[in-house]
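Undergrad: Sequence:
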Amino acid sequence: MALAACGGEADVPEEQTGTGEGTITLAEFPDRPYWGDTHLHTDNSIDAFGFGVRLGPEAALRFASGEEVEATTGGKARLARPLDFLVIADHSDGLGATRRLYDAPRWYVKWVIGDDTMLRWYDMMHESPEQSVRAVAELITAAANNELPAALRDQSNREETTRDIWAAHLSILDRYNKPGKFTALAGFEWTLMPDGNNLHRVVMFRDGRDKTETVLPFPGLSTTAEQLWDYLAAYEQNTGGRALAIPHNSNVSNGLMFEMTMPDGSPMTAEYAMKRAAYEPVVEATQIKGDSESHPFLSPNDEMAGFGVKGWELGNLPLTAPMKDDMFAGSYVREALKRGLSLEQQL
23 MALAACGGEA
33 DVPEEQTGTG
43 EGTITLAEFP
53 DRPYWGDTHL
63 HTDNSIDAFG
73 FGVRLGPEAA
83 LRFASGEEVE
93 ATTGGKARLA
103 RPLDFLVIAD
113 HSDGLGATRR
123 LYDAPRWYVK
133 WVIGDDTMLR
143 WYDMMHESPE
153 QSVRAVAELI
163 TAAANNELPA
173 ALRDQSNREE
183 TTRDIWAAHL
193 SILDRYNKPG
203 KFTALAGFEW
213 TLMPDGNNLH
223 RVVMFRDGRD
233 KTETVLPFPG
243 LSTTAEQLWD
253 YLAAYEQNTG
263 GRALAIPHNS
273 NVSNGLMFEM
283 TMPDGSPMTA
293 EYAMKRAAYE
303 PVVEATQIKG
313 DSESHPFLSP
323 NDEMAGFGVK
333 GWELGNLPLT
343 APMKDDMFAG
353 SYVREALKRG
363 LSLEQQL
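Residues 23 to 369 in the numbering used here are what the sequence shown lists, from first letter to last.
If you're looking for bench data, these hints aren't it; they were derived computationally from the structure.
FRET-style restraints, in silico, Cβ to Cβ:
(1) Arg-197 with Asp-138: 37 to 45 angstroms
(2) Val-331 with Leu-359: 16 to 24 angstroms
(3) Ala-99 with Ser-288: 44 to 52 angstroms
(4) Ala-255 with Leu-365: 19 to 27 angstroms
(5) Pro-52 with Asp-137: 50 to 58 angstroms
(6) Glu-235 with Arg-156: 33 to 41 angstroms
(7) Arg-76 with Ala-255: 30 to 38 angstroms
(8) Glu-152 with Leu-363: 42 to 50 angstroms
The structure displayed is predicted, hence computed values, not measured ones. Just so you know, even glycine gets a beta-carbon here, dropped at the ideal spot from N, CA and C.
The whole structure should be built from the sequences, with the hints applied where relevant.
TA: As structure tokens, then:
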């Protein structure tokens with residue numbers, strides 16, 4: 023969940039509220055807190071679908087804006103208080119892949135795709151919820167080790183699928199966006215994961231469909247953080263829009279999220295630090311995969327530093343490499359603030 027300070031509905035003229043085509047007038051000094059979710063996955067995300075999610079973006083927007091929806095389990099669900107904004111941040115890598123694999127006929131997976139690993143994952147997803155989770159865990163590990171099946175690495179197929187899903191997604195956002203009442207923000211999750219070390223970011227666009235439809239979600243596999251920032255810079259330059267990236271789960275990055283050096287180990291440059299500061303002004307500190315604010319190793323006298331310590335902090339995301347003492351400082355937000363202040367003085 024996220025808290026944002028912005029002008030309230032009372033600040034918005036009645037004629038300016040309405041559809042996604044409407045506009046609002048922002049207060050010069052925003053003083054109203056708005057509550058929303060900046061990191062929600064739907065059945066278009068590989069992991070969420072594998073973990074049992076069968077609801078798409080429209081159901082997510084209906085739920086966030088206060089409507090009653092039927093959950094995957096069959097129960098009815100409604101928020102006690104609607105959210106003020108929502109970012110559906112489905113993974114750019116493999117967008118819709120597990121859902122499409124699950125929905126395909128078995129003969130197609132076996133004879134047309136013709137990959138034994140994907141056929142095994144298909145069977146596991148159809149066997150039971152537990153096996154479906156195992157299949158996704160295998161898929162995530164394969165992605166971390168750059169061992170995905172060829173069908174999931176095919177660039178042309180990936181781009182076509184992403185283009186179709188992104189266009190449909192933006193259309194739905196446009197329908198549910200009600201300026202001054204409920205804001206449906208475009209976004210995605212960028213999932214860089216070198217050697218299983220989590221360097222994920224949620225990307226948020228501040229703009230409407232006229233600008234966001236000019237780009238596709240940027241892939242995380244085989245790219246770098248600096249390439250992501252260049253993507254955001256190009257978006258802003260070409261459209262006049264605005265975007266940012268929110269790092270999350272630094273606690274499973276094994277010290278890489280907040281390094282004091284360049285990714286290749288060379289000394290940090292002012293250009294690199296300023297570029298990151300420009301596009302990553304905030305960080306997600308708490309979520310289902312543990313807390314990234316601090317750790318008892320770093321703050322032994324803070325009784326709350328152990329909040330969220332449930333095993334995620336033992337290593338990288340797939341737990342293929344253990345966390346070592348010298349990695350903690352680069353994995354937690356309090357230390358990141360100290361490191362940033364130090365770099366500001368040095369550079």
